[in-house]
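Take the two lone chains, each set in its own frame, and fit them into one complex as the hints suggest.
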Amino acid sequence: MSPQLLQYLLSGLTVGAIYALVALGFSIIYNASNVINFAQGEFVMIGGMATVSLIAAGLPLPLAAVLAIAATTLVGLALEKFAVERVRGESVVTLIIITIGASILLRGLASLVWDKNLHALPAFSGERPIAVGGATIVPQSLWVVGVTLAVVVALWWFFNRTLHGKAMLATSHNRLAAQLVGISVRRVLLVSFGLSAALGALAGILIAPITFTAWDVGVMLGLKGFAAAILGGLGSGPGAVLGGLALGLLEALSAGYVSSAYKDVIAFGIMLAVLVLMPGGLLGRRSAERV
Amino acid sequence: MLALAAVIALLPLALANNYFYDVAILVGLNAIVCIGLNLLIGYAGQISLGHAGFFALGAYGSAILTARYGWPPLAALAAATAGVALLAYLVGRPILRLRGHYLAMATLGLGVIISIVISNEDQYTGGPDGMSVPPLSLLGHALTGEKAWYWVVGALLLLAVWLALNLVESPGGRALRALHGSETAAEVVGIDSVRQKVMVFVLSAVFAAFAGGLTAHYSGFITPGRATFLHSIELVTMVVFGGMASTFGAVVGAAVLTTLPQLLAVLKDYEMVVFGAVMMLTLIFMPKGFVPTLAARFAPRERE
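Top line first, the protein sequences correspond to chains A and B. For what it's worth, my numbering labels the leading residue of the first sequence as 1380, then goes sequentially. For what it's worth, my numbering labels the leading residue of the second sequence as 289, then goes sequentially.
Looking at chain B on its own, in the form it has when it is part of the complex (with noise of 0.2 Å):
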């Protein structure tokens, strides 16, 4: 936690331009959006193909409230936030009974209808153009240039690590984990399981959503590709890539897979195939991901 804190601190050092900054936002932001899906996925072992969708609800019920009924920003994106949960309530309710790949397919087909219903209602959302979403501000104050958002977006991720790391310690947490282990094993020794996966499910697409209102504010415009099944799938790649089961994995596979695009930028028509075989090698050399396995690896016999 506090090393985290200390590169936050310390990163402008190195960030060059406001291209740096920018990229370093965006591992924010995406970082944010990981570390509740690990919450979901490594440590309740319920997988989504459909947090893509809960973040782009966030980030266009937020400009919507914004630009076309005039809401404050703040107010839109903590409606926003709020609606997402509302529906992730809704839906999980029924949906986390089913289990493994029965669950991936209901997530990714809310994420489907999701992102087709975003890219066909075009009088609101603006269609496959995507729209433009007015600045963050507050008491009339316009939360703008990358230096500012920097400093937003990373007290925020690490708010969002501390809830992250206090919520897997605490009874809660103890639950969820049982729940991976077995869930049948967990009921047995009392646990509600419906009601702690609901809950994880309701917290992790919160939030998904409050990253993807920031993200929309922060950009200036969003378009229907931030909800697609890719663009989940980008995110279960970034929680599996750093580590299941590790807050810091999450933040640091947020950090990998995003600036590794921007990156591989440079090699044009060969960025697919290279992006492709690191997520194959990564995880066949690494299948625990990256940080736990670098944790086993130096310190072999601190657990057990």
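If we strip away everything but chain A, and leave its shape as in the complex, we get (with noise of 0.2 Å):
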């Protein structure tokens, strides 16, 4: 392999762990829900934004990212309880509008919060380059990637071996089979977004000492979580998990061997004609529409 292709391989791991943590939290909303939230992105912008702050105020980094997370969390909640739960049972698009609107009102708080200027996190383990076969990582990578992998575990943990796991992916297959069975469909809920906005905190915190943070970083972030999770197949796990790589290493590629400017074109691309061959994605469930 040549140590050009490796570097571009492992960019684009590095950028596809995050995307795959961010398309996790869209399926599992959508999982809960039926809903595609569009406010995901800002869930990582906020978790970056707020740990730079902290750190700026004096904590440690652990417990500034922890805090961080917790507030993000509570975003997260706060989302479900007091806008989400009231429409439930409304239309799919005026969901998709409501967290849209929830994403303007985050960002426009974020800049009047913060401000609007880049900001960076000191990498967790010094900046010195690691040499692997030619080619050369930062050992902020490495953290990318092993915590992605760390959460990917838990979370299959989470949802095969726990009661509150399992009870969520029932809710997801039939949800008035397992309200009759005795889950709260309504908590259900409500942890999905609290656990889609923690992970997608933790994303932001993680990509924020090599892609730098600032008020407006959900929007792209979004969207690539968001085409990850539909190319992996909508409420897929592993589905979520793959497609975020794929789109990492697929813009990796594309800005290594053919033009940086048309990465996304010809990740986009890509995923398109996926799409039209595959209409559920990856490794999306073939569903049959009921009458």
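Hints in this document: simulated from the structure, not taken from any laboratory. Hints are supplied without guarantee of correctness; some may be wrong.
Pair ranges (Cβ atoms, derived) [said to hold, decoys possible]: (1) 1453(A) with 465(B): 38 to 46 Å; (2) 1656(A) with 477(B): 27 to 35 Å; (3) 362(B) with 1599(A): 33 to 41 Å; (4) 1470(A) with 450(B): 46 to 54 Å; (5) 289(B) with 1553(A): 43 to 51 Å; (6) 1438(A) with 549(B): 35 to 43 Å; (7) 1453(A) with 289(B): 28 to 36 Å.
All C-beta atoms, glycine included, are put in the ideal place defined by N, C-alpha and C.
In structure tokens:
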């Protein structure tokens, strides 16, 4: 493998891991509520920005990160409680527009609470690049990939081995049946927003040392996360991870070998082609319409 | 329909200066886009998050043909609109087989691709700086001035409303509403669902491209900002805000959401916060949209 190719793969993997975390957030909320939460990208932004200002206030990084994730989770819970829960059962487009309204509101608030400048977090463990087979990788990339891996394992354990997780899965399969066996669907909805917000904030903190963070980074990260979730198959956990990594690698390779201005065009173009050939995404469930 | 005609005819009495005319013209142009988009979203139940792409292609197509190749503006406008129709047809056939959020993503992807291409092909489009566009003219007479544009756009808006209302009541329109209810059921009663969906997709793209071209010639300048995802979202928001499956709702939505940012401009830094809050609160308290909610409020027994 040429060092150049290896370099592209490594950077694709790093970005892809972030997309995967955002995509997981989309899928968790979608499973619980059939809503695509367009404010998902803002969770990423809040996580990064809150950590930046907590560190500026003198807190050590781990404490700042935990507090930022907690704050973002509260924002997610509030979004569910005060907006999404009130319009349950309305059309999907209405719900989408409400989450878009929320994302504009949160972006506006962020530009007021913080500012409109770019901010960087210090890397978690130094900036010295590590040489790998002719290519180099910054330590932060290892953090990104490692933490994502840990999150995926933890989520797998949560959804397959705990009662709460199984209740959430049951709700995604059949809401009425879940309610009949005593699952509080309202609480599942609430938990799903909290969990997605926490995942988004985590992604925002992990990527901030590499790509910087600002009040408006949520727009593009949200779009990419949505694209990754769709590419993998909406509502599928492994699909979200696969979709995120695929999208990250596609982007890195097309930026390296074709043109960095057109990397998104190529990534979205290939995604369109995949959707046309596999209308349910890579790992999506094939479903028939009930009449 | 008559009421709308009356509003358009009487509105100039309230329009104190050219700035008000300008806002009214922008409302009219956005309303034309929303009427088309409402046919797709409200009646056929197919979401599109990429219509700003069609809008911008119409605008840039017409702008490039007139400014760079010296075409007469009306021919350029017609050619750009026809080009967008062809593109929408070619893209629509494969992607309209997708459903729900997958269709939303596919149209969003299409919009993003168009937007990036427009920003990067700067030898044609002027890149992020935008490009200036010659005014609309016929046989050497240029259409300039807010008042003249107001009447042209008002007439076109009425035409668009008339077309949409007729389409909705035609067999084709009933087929669209059947699709919205259930695609499988619609096919069982003999509706070619893909053909109907592609038709309305192309029609809505044509409305968007035509209004886009007009907007470019009217304002004399066009930037890639009109092609972005946020503009697509803005258009969908207008449709949902006014009320889905209501042609007049689309007009009202366009009117409110075009004027609101102008009013909020005085708030400067707080503009986004208030805009987002208004969007959320309206839909939380009127989830069906503005016009249908009011209609149900004042005429509760009209239907069934």
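Hint check:
1. 1453(A) with 465(B): 38 to 46 Å: Given a distance of about 42 Å, which is inside 38 to 46 Å, the answer is holds.
2. 1656(A) with 477(B): 27 to 35 Å: 29 Å, holds
3. 362(B) with 1599(A): 33 to 41 Å: 38 Å, holds
4. 1470(A) with 450(B): 46 to 54 Å: 27 Å, violated
5. 289(B) with 1553(A): 43 to 51 Å: Given about 46 Å between the Cβ atoms, the range holds.
6. 1438(A) with 549(B): 35 to 43 Å: Check passed, 38 Å falls within 35 to 43 Å.
7. 1453(A) with 289(B): 28 to 36 Å: Given range 28 to 36 Å: violated, Cβ gap about 49 Å.
Violated hints, in rising order: 4, 7; the structure is consistent with all others.
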